[in-house]
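Heads up: the sequence lines are chains U and R, in that order. Read left to right, the first sequence gives residues 1340 to 1642 (the numbering used here). Read left to right, the second sequence gives residues 201 to 498 (the numbering used here).
Watch out, some of these pointers could steer you wrong.
Claimed, not checked - Coverage of chain R stretches by chain U, computed from C-beta distances (three or more under 8 Å per stretch; other residues unrestricted):
| no. | segment |
| --- | --- |
| 1 | 307–315 |
| 2 | 327–333 |
| 3 | 405–419 |
Rather than coming from a laboratory, the hints here were simulated on the basis of the structure. The C-beta atom is built at its ideal place from N, Cα and C for all residues, glycine as well.
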Amino acid sequence: MKTRKLKLIKKYIPIYVMILPGLIYLFFNNLMPLPGLVLAFKNYNARGGIFGSPWAGLQNFKYLFANDAWYITRNTILYNVAFIIVNTTLSVLVAIVLSEMTSKIKKLFQSAILLPYLLSMVIVSYLVYGFLSTDQGLLNKLLVSLGGESISWYAEGKYWPFILIFVNAWKGVGYSCIVYMSTILGFDRAYYEAAAIDGASKWQQIRFITLPLLKGTVVMMTMLAIGRIFYSDFGLFYQVPRNSGALYSMTSTIDTYVYRGLLEMADINMSAAAGFYQSIVGFILVLGSNLLVRRKDPDSALF
Amino acid sequence: MLESNSNKVFKIFSYVLMSVLSITAIMPMLLLLTSSFTDNTTLVMNGYSFFPEKWSMENYRYILNNSTLIFNAYGVSIVLTATGTIIGTAMTVLMGYGLSKKDLPGRKIISFILILTLLFNGGLVPTYLVYTNVLSVKNTFWGLLLPGLLMNGFNVILVKSYFVSSVPEEILEAAEIDGAGEFKKFYTIALPMAVPIIATIALFIGMGYWNDWNNGYVYISTKTDLYSIQNLLNRIQQNLQFIISNASTSGVGQAANDIPSEGVRMAISILGILPVLIVYPWMQRFFIKGITLGGVKG
């Protein structure tokens, strides 16, 4: 037994050599930062470093939960819920409509809606600025020409949930509809042919064939998204509102909070506590949602 | 057979819906394009418009004439994207292939580590401290290349599944009987069969590098010659905000002069999108294929 294993190891030496670079990278990029999580319980100073700095007990968390934890958690979760609902609905709609199309223009449509997905968030924020700039923006020009007042978009938080939900859908639907589309294209055409012979209209075919068959995929994708509900697209929430202080209460998520804590306020303790909070709750949610997915359909689970 | 009325309605609905969505998707980019060709005073006076009163090439002329910074940033983006894509793709494919060997001793431990990295991360602060204090990547090219973007567990799992499902073990075994070693088997048989997944992974990694501004923002603070095009755009915007929020302080006039005008910023953005647009028609196929291959995992 043992010699057989040794022989296998020897045979596979080239394979280990192939795996090694990736493993080394994961070690530095993903594993080495993990002990740094203790920083959440410390009072960091540069001289002491991660392990030499004095312990602070739960002080950082007390402060975090007394002040900012509530609204950054609220924003992160509510935005994610809205994103899941809006993007899933639109993606399924687009996927159904596109999969029923046969003409060549279908490809053009698909290319057009996928394009925003390829842009960086910095450029997206420039695009959004073209519409929302107070003095030069297209939207205010339009409002004024219709007899309305111009709005300082970057100073008024109440509009931002709509703006961010719109931008997120604009950027993401072209991508997320692909999964649904490939699922629909995998359905047995015989169902549709039989339905058509029985005189079912396209609407009825969608209502009684496509949607019920697609339900499993929708549930699966939604559960995976719920697993990520404690994480947010940092670029979207940092770049698109142009890091405007007046909007923080409506646009800050845990990710932007951690970021600002580290790079702008140099408040490493607070940042580390918020990061720890995200890592732990996020871990539980990802693990939980994956277990649920795995129970339903092992092939769709991440692991 | 005549089409029924309700099916016609569906058809019209489909085309109207997709036309509206497609126009919505493209429109902001058109606005960016027209404003980059708008005369600067016109832009300040009349604002952004699809039909500017006065067209002009001055923004692009400005970039051509006095901006070594912009050209340099372009160069950084290209070198970074090329290096990152090659190294990252190689690492991902090699590791994915290795993990596709079912009887590999130690496979369980390696897979466990891989999944752990998907589940749990140290977050920004500990990662930042490792990269700056332990690996000293701050203000070096490594700071752009290494953190986060080079390889991730999702892609490795994607490649592994591809090898397991699409490169039959029998073919590899046949080569082994012919005397091929592990390297040769990988190189001559598995690799050519995996071209679609390799192209997809390269595309994802390349896009990640080309669009990245985050690493540059966090890890490049003093060396402006290491600014990539996205990072440059981000910095311009940050400086702008800094100037606006400190408008009363003295010396601001000078700093404001160094900031490219709105039109120039739009022109730089166009330059940032251009390479993506150029490769898009060729890449879209792999892109969609990759998402489909990954299925839900994508």
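Status of the hints after comparison with the structure:
Here the segment 307–315 of chain R counts 4 residues with a CB under 8 Å from a CB of chain U, which clears the bar of 3, and the coverage holds. Three residues within the 8 Å Cβ limit are the bar, and the segment 327–333 of chain R against chain U gives 5, so the coverage statement holds. Interface restraint, the segment 405–419 of chain R with chain U: holds (8 residues with C-beta to C-beta distance below 8 Å; minimum three).
Comparing the model with each earlier hint shows no violations; every hint is respected.
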